[in-house]
Each structure stands twice: as structure tokens, then as C-alpha cells.
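Residue-level listing of the chains:
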Amino acid sequence: AQSVTQLDSQVPVFEEAPVELRCNYSSSVSVYLFWYVQYPNQGLQLLLKYLSGSTLVESINGFEAEFNKSQTSFHLRKPSVHISDTAEYFCASSPMNSGGYQKVTFGTGTKLQVIP
Amino acid sequence: EAGVAQSPRYKIIEKRQSVAFWCNPISGHATLYWYQQILGQGPKLLIQFQNNGVVDDSQLPKDRFSAERLKGVDSTLKIQPAKLEDSAVYLCASSLVFPIYEQYFGPGTRLTVT
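First to last, the sequence lines map onto chains A and B. For the first sequence, this note's numbering gives the first residue as 1, with consecutive numbering after it. For the second sequence, this note's numbering gives the first residue as 117, with consecutive numbering after it.
Source of the hints: derived by calculation from the structure; they are not laboratory data. Be aware that one or more of the hints could be misleading.
Cβ-to-Cβ under 7 Å is the rule here; a few derived chain B residues that face chain A [to be verified]:
#1 157
#2 159
#3 201
#4 221
#5 223
Glycine included, each C-beta is placed from N, C-alpha and C at the ideal position.
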């Protein structure tokens, strides 16, 4: 069974400050890892993904996440946030080699509130 | 490229009534997913189709929920009869078979059961 834990339900941060959103996963098999973002009144959008290879993955808008197998973590970071980053962020996992289809388990989400 | 379309966007019904949601995936996406997102929780997969066949419905409450995907394109999700605890946002997503890991989500339907 898989599970994804996001301990912080809300994270307030001042504009241009750094932020880290924490994510820990639990799985008996190897997993793919994802971060999705949900802006107000919009659907979820894939922000970045870890499939294999380099443990540091980046998005086009300055976010990065690092896969740490020993700590079973996939924390999301940004060195300087903008007002436009205000949204809810969901961490998710999916087992590799799942027989040709994907079964994604989502965390409970972290609301990032950027304060001007 | 048009995104995943869902309707209605909002629905309010009384308990024991029935309701249906519609989803039109991105053209060419063989895989379609329905998720339930209860306030304060992450999305939970209800059912997954590949073309018009069901590949996973292990978390679908089959006594009251049903879903179909005719002709491997549009899909409908039905609840009959609704309970108070069904109040949630119902999300539809679609993806290519390969790569299967990138899902595209619709805006969701917010259901309130009174």
C-alpha cells in the first residue's frame, strides 16, 4: 500500500522569501513522485515529476524537488516566491511497474500563501 | 489544444436524489480517471478507464456510484442515491497510455448534498 504525507496544511511566507513544502511517502515498491499545483478555481496541473535518474528535478517556474530515497522524501522548494505562487500544492506517488496503468496516491495538500 | 471539460461546475442536491457528472477528455487520451476530493483531503481515485474498459474501480462505492465511458471518449459518473458524505469536488483527468504518468485534470464539479 502507498501513502503520501504532507504535514503542513498551510504555509504562509513573505514575497521573495524562500519556501519548502514537505512531502514524505511510504511504499513497498519503487515509485514515481509528482508535485501538482492547484490555483484558485482551476484544476490540478502537473508541476514536476521524478521518474528516474537525477534526484533533483526542476519546473519551468523556479520550483525544484529532490528525491531522497533514504528519507523517503520529495520536498518542494523555491528560493524566492512570488504572489502568483499562491496556490495549493499536492504531492503524489505512483508505483512503477504497475501493470501498464497508473494508480496515483495524493497527499492532503499544502496551501501556500504568499504575503506581499 | 483543448483541455479536459467537465459539467456542470456546481451542483446542489438533496440527500437520496441522484446526480450525474460529465467529462470530455483531451482528444486522443485513452486513459480517463475520476477522482473524489473531499474538503481538506487530497484527490482519491474512484475509477480508471483505458479506452472504454475499466482497469481499476477498487475504491468506487458500487452500491451507489456508477460510471461508464461509451465509445472510449466521454464519460459519465452517477451517484444514486446521494448521501451527505458525497459532498466533494469530482475531478476528471485524462492521459495518454504512454507516457501514462502525466495526467491532465479538468476544473472539477463541486457537489453539495443537503
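Okay, the hints, checked on the actual structure:
no. : hint : verdict
1   : 157  : holds, 6 Å
2   : 159  : holds, 5 Å
3   : 201  : violated, 17 Å
4   : 221  : holds, 4 Å
5   : 223  : holds, 5 Å
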